[in-house]
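Undergrad: Read off the chains here:
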Amino acid sequence: MMYLPLANILHHKLRSFLAAMGIGIGICMLITLTGLARGSLNEVADRWESVNADLIVLPSGWGEQVSTKSGSGLSDGFAGVIARKFADQVESIVPVFLWRISLAGQDQMTAGIDAADWATLTGDRPLTAGRMCDPDGRASQWLAGKILSAPAEGEQILDLSAADLGHPDHNCLELVIDERLAKAGGYRVGQIVRAANHDWRIVGIAPEGVITRVFMPRRTAQFLFASGDVSRSTLMFVKLKPGAGDLGVIARRMRDQTKLDVLAVAEYRGMLTRSFGIMFVYVNMVNVVALIIAFLFIMVILYTMVLQRTRDIAILKANGASNGFLIRQVVAESILLTAMGVGLGIALSFLSAWIIQAYRPLLTVVIEPERIGWAVAAAGVGALASSLYPAWRATRVDMAAALSLE
Amino acid sequence: MIDADHILTARGLDKSFGRGPGRVDVLRGLDVTVRRGEFLAVMGPSGCGKSTLLHVLGLITPADGGELAVDGQAVGMGAAQRHALRRDVFGFVFQRFNLLGVLTAADNVAISLRARGLRADGRVDELFEAMGVADVARRKPSQMSMGQQQRVAVVRALAHRPKIVLADEPTGNLDSANSNALLDLFRRINRDHQQTIVMITHSAEAAAAADRVVHMKDGRILETSR
Numbered sequence: 001m002m003y004l005p006l007a008n009i010l011h012h013k014l015r016s017f018l019a020a021m022g023i024g025i026g027i028c029m030l031i032t033l034t035g036l037a038r039g040s041l042n043e044v045a046d047r048w049e050s051v052n053a054d055l056i057v058l059p060s061g062w063g064e065q066v067s068t069k070s071g072s073g074l075s076d077g078f079a080g081v082i083a084r085k086f087a088d089q090v091e092s093i094v095p096v097f098l099w100r101i102s103l104a105g106q107d108q109m110t111a112g113i114d115a116a117d118w119a120t121l122t123g124d125r126p127l128t129a130g131r132m133c134d135p136d137g138r139a140s141q142w143l144a145g146k147i148l149s150a151p152a153e154g155e156q157i158l159d160l161s162a163a164d165l166g167h168p169d170h171n172c173l174e175l176v177i178d179e180r181l182a183k184a185g186g187y188r189v190g191q192i193v194r195a196a197n198h199d200w201r202i203v204g205i206a207p208e209g210v211i212t213r214v215f216m217p218r219r220t221a222q223f224l225f226a227s228g229d230v231s232r233s234t235l236m237f238v239k240l241k242p243g244a245g246d247l248g249v250i251a252r253r254m255r256d257q258t259k260l261d262v263l264a265v266a267e268y269r270g271m272l273t274r275s276f277g278i279m280f281v282y283v284n285m286v287n288v289v290a291l292i293i294a295f296l297f298i299m300v301i302l303y304t305m306v307l308q309r310t311r312d313i314a315i316l317k318a319n320g321a322s323n324g325f326l327i328r329q330v331v332a333e334s335i336l337l338t339a340m341g342v343g344l345g346i347a348l349s350f351l352s353a354w355i356i357q358a359y360r361p362l363l364t365v366v367i368e369p370e371r372i373g374w375a376v377a378a379a380g381v382g383a384l385a386s387s388l389y390p391a392w393r394a395t396r397v398d399m400a401a402a403l404s405l406e
Numbered sequence: 001m002i003d004a005d006h007i008l009t010a011r012g013l014d015k016s017f018g019r020g021p022g023r024v025d026v027l028r029g030l031d032v033t034v035r036r037g038e039f040l041a042v043m044g045p046s047g048c049g050k051s052t053l054l055h056v057l058g059l060i061t062p063a064d065g066g067e068l069a070v071d072g073q074a075v076g077m078g079a080a081q082r083h084a085l086r087r088d089v090f091g092f093v094f095q096r097f098n099l100l101g102v103l104t105a106a107d108n109v110a111i112s113l114r115a116r117g118l119r120a121d122g123r124v125d126e127l128f129e130a131m132g133v134a135d136v137a138r139r140k141p142s143q144m145s146m147g148q149q150q151r152v153a154v155v156r157a158l159a160h161r162p163k164i165v166l167a168d169e170p171t172g173n174l175d176s177a178n179s180n181a182l183l184d185l186f187r188r189i190n191r192d193h194q195q196t197i198v199m200i201t202h203s204a205e206a207a208a209a210a211d212r213v214v215h216m217k218d219g220r221i222l223e224t225s226r
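These protein sequences, in sequence, are chains A and B. Per UniProt numbering, the first sequence runs over residues 1 to 406. Per UniProt numbering, the second sequence runs over residues 1 to 226.
No lab work stands behind these hints, which were simulated from the structure alone. Where a beta carbon is used, it is the ideal one built from N, C-alpha and C, also for glycine. Heads up, none of these hints are tricks.
Not the full set, but computed from the structure, chain B residues with beta-carbon under 8 Å of chain A:
{"hint": "1", "residue": "T61"}
{"hint": "2", "residue": "R86"}
{"hint": "3", "residue": "R87"}
{"hint": "4", "residue": "F92"}
{"hint": "5", "residue": "F94"}
{"hint": "6", "residue": "V102"}
{"hint": "7", "residue": "L103"}
{"hint": "8", "residue": "A115"}
{"hint": "9", "residue": "R116"}
{"hint": "10", "residue": "R156"}
Same shape as in the complex, but just chain A:
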């Protein structure tokens, strides 16, 4: 026998489809928005965790905001202090100058690094095309020499023009970008791109998953974005020697002795999530509102259905249907519509993720089974809740009045 709720759904195909679509859009929003927020954060966290180092050293007070910090914050001199005080534990120290430049239509976190530190920062992952920026340190030496040797009384030390910076002899304006950015912007090795008021030459393509999407010579970054102060970086990565000891203990000692913030690289994900916690609040609020609207929509449809089918309900009651039987029919119809909506919503989520990543390749949407599970659970609760009032109304149908309508 054809199940009555299913027969009703199949009989009113357009209305059922619209109802399911209403739920599907809500479910799609829940899965996609959450997947976008979590996917983007996790992608950044994964990249930072790929760094072949153990600790991050930052200016005091920057720790919790590490994911949002850039510019000059930390004297490079601390590298020597830490190396000296923790000579038994520290294997290498990598200063990084972080800044944001706009490429492919959006801000990109850019790491100013010394070419020699590439191995530590990326786990020695080879470039997929081209070469490292300023591979032999010529640009850095030229810039440092120019600036550090210049300060005679009254001399303008920061008179280097863009043309000087980009001169083939020193190649200060070189960029390495990752594959994803290259794909998003259609960039290739040798291409000149305009960013931060300068023309940069792309000299290499890095594999996806390295700490930032853009790399440039650290001295260039310091010179351009720290007003010529080539003595300060944003943070330092510290790699410890094998068997150096407990990470937490070393971090605490380093904090005590330098008065800087020191955190484990593994802590970055948590810091990032906390920094953007408010974003999840917004996303969850939007999700809740979308689901409430979707289920109000279902409730209105079921309620209208009950009002339209009073004769059918009266027939069922006259034929022995109990209140429980009627309630089960309405709830089952709601659950079936919701199941269709969930199916549509999941399919729409994958489609949305594909569209987002096709048109915005730098965004990451991760559709996690756990999120789908939550969406299904929320939909189940919503289906039940939205059907209760219409179901109750079905039990209140006046048989005599409904049958007299004939």
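Since the structure of chain A is already known, use the hints to place chain B on it.
TA: Below, chain B without anything else, positioned relative to chain A:
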């Protein structure tokens, strides 16, 4: 008031609709009894309260006053008792068949059984055969003639072996051939299975099929014939 010979006994039934000046008294102290296995026809002009009487007797709507006994039980206002009696004792046939349009003929019968906690068995197939509608069992009401729909409605009313079949103008929408076939069917099930039938009708021809005819006017039984 409870009488073993009578499957339905009503005393002083009152029923009105509306309030104040717009109030309409539809049943006014109506008395009626139906014997077990009897085929009773109720006739009367439009608006005399025939359908309301059927609804009150079939526990579709409660009376405002009076007493009612069904199958040896005095009927009160308790929803559980009314529901149980309606489910177990009665089968309904309506003027406009009242089949569920989204279900096939077979499913219309099956769902009324399921609503009663029963399952369709071979008897249902026999009923479809006996009513001459086995060939339309997989069709929806919109794909059947009126006569076929009414016969399916009869199958539905009989499928759970009710003690009483209440039929409200069952021939009202049928042509004479289908009407005669339906009345033959009623006579047959009444004769063969001693099934009690209470039939509301305008038609003297239809009423002639019954064992007894009661005439209603203004909410009361005026006379009984045969």
